Amino acid sequence: MSAAPKAMTAAPSVGPLPSVAPPTAERMTLSTGLEVVTVRREVAPIVSAALMIRSGAGDDPPEQSGLASLTAEMLDEGAGARDALALADELERLGADLWLGSGRDGSQLSVQAPSATFFEALAIAGDVLCRPRLTDGDWQRVLADRKTSNAQRRDQPEAVVSVVSDRLLFGAAHPYGRPVEGFAHTIENLSLDDVRAFHQAHWRPNQAFLVVAGAFDGGNLRARLEAALGDWTAAPVSQTAAPPPWPERPRLCIVDRPGAPQSIVRLVAPGTDRLSPDRPGLAMLNAILGGSFTSRLNFNLREKNGFTYGASSSFAFLRRPGSFAARAAVFAESTAPAVREMLGELAGLRERPVTAEEHAKARATLLMRVAEGLATTGGIAASFGDIGLYGLSLDEPLRFVAALERTTADDLRALAARYVDPEAASIVIVGDRASIEPPLRDLGLPPPVIYDAEGERLP
Amino acid sequence: MLKIEFETHTLANGLQVILHTDRSSPLVAVDLWYHVGSKDESPGRTGFAHLFEHLMFMGSRHAPYPAFDAIMESWGGHNNGTTSNDRTNYYEIGPRNLLETFLWLEADRLATLSDVITKEELEKQLKVVQNERRQSYENRPYGRAELAIPEAMYPPDHPYHWPTIGSHEDLEAATVDDVRAFFDRFYRPSNATLVVAGDLDPAQAKALVDRYFGWQPKREPPTRAPRPAEPRLAADVELTMTDRVQLPRLRLGWHTPALFAPGDADLDLAAHVLGGGKSSRLYRALVFERRIAQDVFAYQGSQMLASVFHVGATAKPGHDLDEIGAAVDAELARLASEGPTEAELARARNTHLADFYRSLDHLQTRADLLNHYQYLLGDPDGVGRDVARYADATRASVRDAFARALSAKRLALRTLPEAVAS
Numbered sequence: 001m002s003a004a005p006k007a008m009t010a011a012p013s014v015g016p017l018p019s020v021a022p023p024t025a026e027r028m029t030l031s032t033g034l035e036v037v038t039v040r041r042e043v044a045p046i047v048s049a050a051l052m053i054r055s056g057a058g059d060d061p062p063e064q065s066g067l068a069s070l071t072a073e074m075l076d077e078g079a080g081a082r083d084a085l086a087l088a089d090e091l092e093r094l095g096a097d098l099w100l101g102s103g104r105d106g107s108q109l110s111v112q113a114p115s116a117t118f119f120e121a122l123a124i125a126g127d128v129l130c131r132p133r134l135t136d137g138d139w140q141r142v143l144a145d146r147k148t149s150n151a152q153r154r155d156q157p158e159a160v161v162s163v164v165s166d167r168l169l170f171g172a173a174h175p176y177g178r179p180v181e182g183f184a185h186t187i188e189n190l191s192l193d194d195v196r197a198f199h200q201a202h203w204r205p206n207q208a209f210l211v212v213a214g215a216f217d218g219g220n221l222r223a224r225l226e227a228a229l230g231d232w233t234a235a236p237v238s239q240t241a242a243p244p245p246w247p248e249r250p251r252l253c254i255v256d257r258p259g260a261p262q263s264i265v266r267l268v269a270p271g272t273d274r275l276s277p278d279r280p281g282l283a284m285l286n287a288i289l290g291g292s293f294t295s296r297l298n299f300n301l302r303e304k305n306g307f308t309y310g311a312s313s314s315f316a317f318l319r320r321p322g323s324f325a326a327r328a329a330v331f332a333e334s335t336a337p338a339v340r341e342m343l344g345e346l347a348g349l350r351e352r353p354v355t356a357e358e359h360a361k362a363r364a365t366l367l368m369r370v371a372e373g374l375a376t377t378g379g380i381a382a383s384f385g386d387i388g389l390y391g392l393s394l395d396e397p398l399r400f401v402a403a404l405e406r407t408t409a410d411d412l413r414a415l416a417a418r419y420v421d422p423e424a425a426s427i428v429i430v431g432d433r434a435s436i437e438p439p440l441r442d443l444g445l446p447p448p449v450i451y452d453a454e455g456e457r458l459p
Numbered sequence: 001m002l003k004i005e006f007e008t009h010t011l012a013n014g015l016q017v018i019l020h021t022d023r024s025s026p027l028v029a030v031d032l033w034y035h036v037g038s039k040d041e042s043p044g045r046t047g048f049a050h051l052f053e054h055l056m057f058m059g060s061r062h063a064p065y066p067a068f069d070a071i072m073e074s075w076g077g078h079n080n081g082t083t084s085n086d087r088t089n090y091y092e093i094g095p096r097n098l099l100e101t102f103l104w105l106e107a108d109r110l111a112t113l114s115d116v117i118t119k120e121e122l123e124k125q126l127k128v129v130q131n132e133r134r135q136s137y138e139n140r141p142y143g144r145a146e147l148a149i150p151e152a153m154y155p156p157d158h159p160y161h162w163p164t165i166g167s168h169e170d171l172e173a174a175t176v177d178d179v180r181a182f183f184d185r186f187y188r189p190s191n192a193t194l195v196v197a198g199d200l201d202p203a204q205a206k207a208l209v210d211r212y213f214g215w216q217p218k219r220e221p222p223t224r225a226p227r228p229a230e231p232r233l234a235a236d237v238e239l240t241m242t243d244r245v246q247l248p249r250l251r252l253g254w255h256t257p258a259l260f261a262p263g264d265a266d267l268d269l270a271a272h273v274l275g276g277g278k279s280s281r282l283y284r285a286l287v288f289e290r291r292i293a294q295d296v297f298a299y300q301g302s303q304m305l306a307s308v309f310h311v312g313a314t315a316k317p318g319h320d321l322d323e324i325g326a327a328v329d330a331e332l333a334r335l336a337s338e339g340p341t342e343a344e345l346a347r348a349r350n351t352h353l354a355d356f357y358r359s360l361d362h363l364q365t366r367a368d369l370l371n372h373y374q375y376l377l378g379d380p381d382g383v384g385r386d387v388a389r390y391a392d393a394t395r396a397s398v399r400d401a402f403a404r405a406l407s408a409k410r411l412a413l414r415t416l417p418e419a420v421a422s
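Protein chains in written order, with my numbering: chain A, 1 to 459; chain B, 1 to 422.
Just so you know, the hints here were simulated from the structure itself, not pulled from any lab data.
Bear in mind the structure is a predicted one, so any value in this text is a computation, not a measurement.
The reader is advised that the hints may include incorrect statements.
[As the list claims (entries may be wrong)] Each pair of labels, with its calculated beta carbon distance range:
id, chain 1, residue 1, chain 2, residue 2, range
1, A, G219, B, S84, 52 to 60 Å
2, B, R291, A, V237, 34 to 42 Å
3, A, A424, B, D201, 49 to 57 Å
4, A, R457, B, R291, 31 to 39 Å
5, B, E169, A, R441, 54 to 62 Å
6, A, S115, B, R232, 27 to 35 Å
7, A, T29, B, D210, 49 to 57 Å
8, B, R45, A, L221, 56 to 64 Å
[As the list claims (entries may be wrong)] Taking beta-carbon pairs under 8 Å as the criterion, some of the chain B residues facing chain A (in silico):
id, residue
9, K3
10, F6
11, L11
12, G14
13, R23
14, P66
15, K124
16, E132
17, P141
18, G143
19, D178
20, V245
21, A258
22, F260
[As the list claims (entries may be wrong)] Pulled from the structure, derived: some chain A residues nowhere near chain B, Cβ distances all over 10 Å:
id, residue
23, L17
24, V20
25, I46
26, Q112
27, A113
28, A151
29, D155
30, R196
31, G214
32, R369
33, T377
34, A409
35, P439
Think of the CB as a built atom: it goes at the ideal place given N, C-alpha and C, for glycine as much as any other residue.
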């Protein structure tokens, strides 16, 4: 083999990071009061639109959990002149994707279509928003499908750990304590009239925000949007009551999955809300703890110990304070040592404070995530949709970048002390109880509380 | 208008280089394909191409572990690799100031990895891969069916018989010598194509590629096993397995023409007519109208040596797989005899084309497509040719391709709920 040239022997020097320049967003308000933001991107002949509704599963009444998401799902089951199948046919003919769904804080209608057919697809979206048919036949089918898919959650250990963790952390009285898709018993309570009422109450232009991103035809844009979405009427929207405070919760919880080859481990604790000034710093702190491949959690559990294919952590920044979670799917026989190491890494953020190198990595990682998030039409629609959902200003990407730039390593150390406390975390595990419980006891953890896959406590 | 602009040249050592400029964001992507996949393994030594992909991150002579990930993440870059039956790809995405670093890291591991790999690193990644197998297949609903289908459809000596993830036994048996031999055979400049894409100056990028890869010696492309005979089932195969699931699922599979072979695109379109969304035939009949299935799907699983046409349906509570099977068969027979309607064909074509536009929006996907066409068609400029296959399809061509596929023997795999107390 030829000798390696000198250039190979040391890492090349790296110039300064490019600055992040978010695309220009233009704002307009339609006659209905609907706020619209448009962003051009002409790399591929497609357009992405995201219509955000500022009501979601967080606005479901407790005994009607699942209502917001079922409402969203029902809207394209026939609208205007077309029944459910004719509507699906027409969208396919246009090459358009229409997606409806709900999250914790909002509901969403998304359309992605080739530039040539985008406004035709948007007109169908207008039917879906303003003139859904909401027939009993379609309702019975959609409801039966939802009951079955909810029952299928217990097949998926990752879904089970999410349902149980949220229920424990937030409590059953809190809207975030219930799955967006509802529980079996709350779905039973729902009727088509509830869906009609939720649609009437929440799917209003004054409660909405539209982003159009991509290679759209800019001529007569306002007139085209008015034609598609102009027939929509505003109405006052009532505010959902403030949620209850964080409940008491057990330290260790197990959902038994006899014979499971892996344990799904999640450590959950209170986090903070979307508008918190701590969000940029926490995003950086999370990159260090579990939000990147070289993060402390992944490096320890995957690279050092081989317990898992990947370990990570995240903050859910929501309208009301959300969760912090650390997660890993580990060899069943490695469950206790994995929990020990995860708790150790949470404690380690205080014992081994953030270094200058980690701070620099976190800054670069988050800056480039902003740049990458804005480098597709779908990403642009999602980024600005989020801005609309939470009522942020259009220069939020730049503000976020500026906040990242001014957050110091000391700031991250202070945030770690305030937000990451291993003693405050609950440990939720979906796995083979018989084999994992004794080694967990040896860690000095209290006896586990046992739950079923829906988060009901078992004797 | 459907074209990905590029320029290409080949280094003296055989590495093909493809440059694609896109200055819409300050990012670059490096996408490196090695023309080796699990098809290049042997029975008893399975899972090797994929295990090797993991080892590529375990350090090279001038970038010792964990420099590969640590250096690029310190600048906001990230990376991954994927292994299929047919090929292994590695990619990096990050700010444009990292381009030279990406090329250096890729070049160093190509040049030196085999000299520095250790038993400890191998054992560590073995555990990670075994966890990946559990997470992706063994602890995932219906995941074990995905492992059983190729095993049942391809004979033991066909390279698609074993899964890319390999078997636990074969993985356990892997040695450092195996790793070196695999590396020396397949990781050669002449067996790779490198796409460099994004916010770059082509002349400068070319010079950088030359600096880091150009010095590496030329070695002939690896010799390959001869292309195996077209797989065919001698008789229908019926299999039943149990899994930790609530509902039974039926999977059907037929051998079909390889990727880009005549009939491949027609079968893609047939799959869309059958299972592509709410207005597809299987969805309409089984989910929407009769309400006997919770979900249905159909796809042409296109691969380099041979493909499989897949159909699947999950029974709703109170319905069984005999009922599901009869309903599926009726729809399949109708499509095979009548073909799609003109409107169905137009919908399938338009949906396919729109998906294509979508893939062109993303920098790294575009880079990957250039590599894909180079590997499969011998020319990065394959978009037009690929899309034309769908534009040229007719009702008759879709019907004929589907009828031919269905006339072969098939696999029927039933997954039934385990009777466990839980």
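How the hints compare with the structure:
no., hint, verdict
1, A:G219 - B:S84: 52 to 60 Å, "violated, 44 Å"
2, B:R291 - A:V237: 34 to 42 Å, "holds, 35 Å"
3, A:A424 - B:D201: 49 to 57 Å, "holds, 51 Å"
4, A:R457 - B:R291: 31 to 39 Å, "holds, 35 Å"
5, B:E169 - A:R441: 54 to 62 Å, "violated, 33 Å"
6, A:S115 - B:R232: 27 to 35 Å, "violated, 44 Å"
7, A:T29 - B:D210: 49 to 57 Å, "holds, 55 Å"
8, B:R45 - A:L221: 56 to 64 Å, "holds, 60 Å"
9, K3, "violated, 12 Å"
10, F6, "violated, 15 Å"
11, L11, "violated, 13 Å"
12, G14, "violated, 14 Å"
13, R23, "violated, 10 Å"
14, P66, "holds, 7 Å"
15, K124, "holds, 5 Å"
16, E132, "holds, 4 Å"
17, P141, "holds, 4 Å"
18, G143, "violated, 10 Å"
19, D178, "violated, 19 Å"
20, V245, "holds, 5 Å"
21, A258, "violated, 27 Å"
22, F260, "violated, 23 Å"
23, L17, "violated, 5 Å"
24, V20, "violated, 7 Å"
25, I46, "violated, 5 Å"
26, Q112, "violated, 7 Å"
27, A113, "violated, 7 Å"
28, A151, "violated, 6 Å"
29, D155, "violated, 4 Å"
30, R196, "holds, 22 Å"
31, G214, "violated, 8 Å"
32, R369, "violated, 8 Å"
33, T377, "violated, 6 Å"
34, A409, "holds, 14 Å"
35, P439, "holds, 18 Å"
Of the hints listed earlier, those the structure fails to meet are numbers 1, 5, 6, 9, 10, 11, 12, 13, 18, 19, 21, 22, 23, 24, 25, 26, 27, 28, 29, 31, 32 and 33, in rising order.
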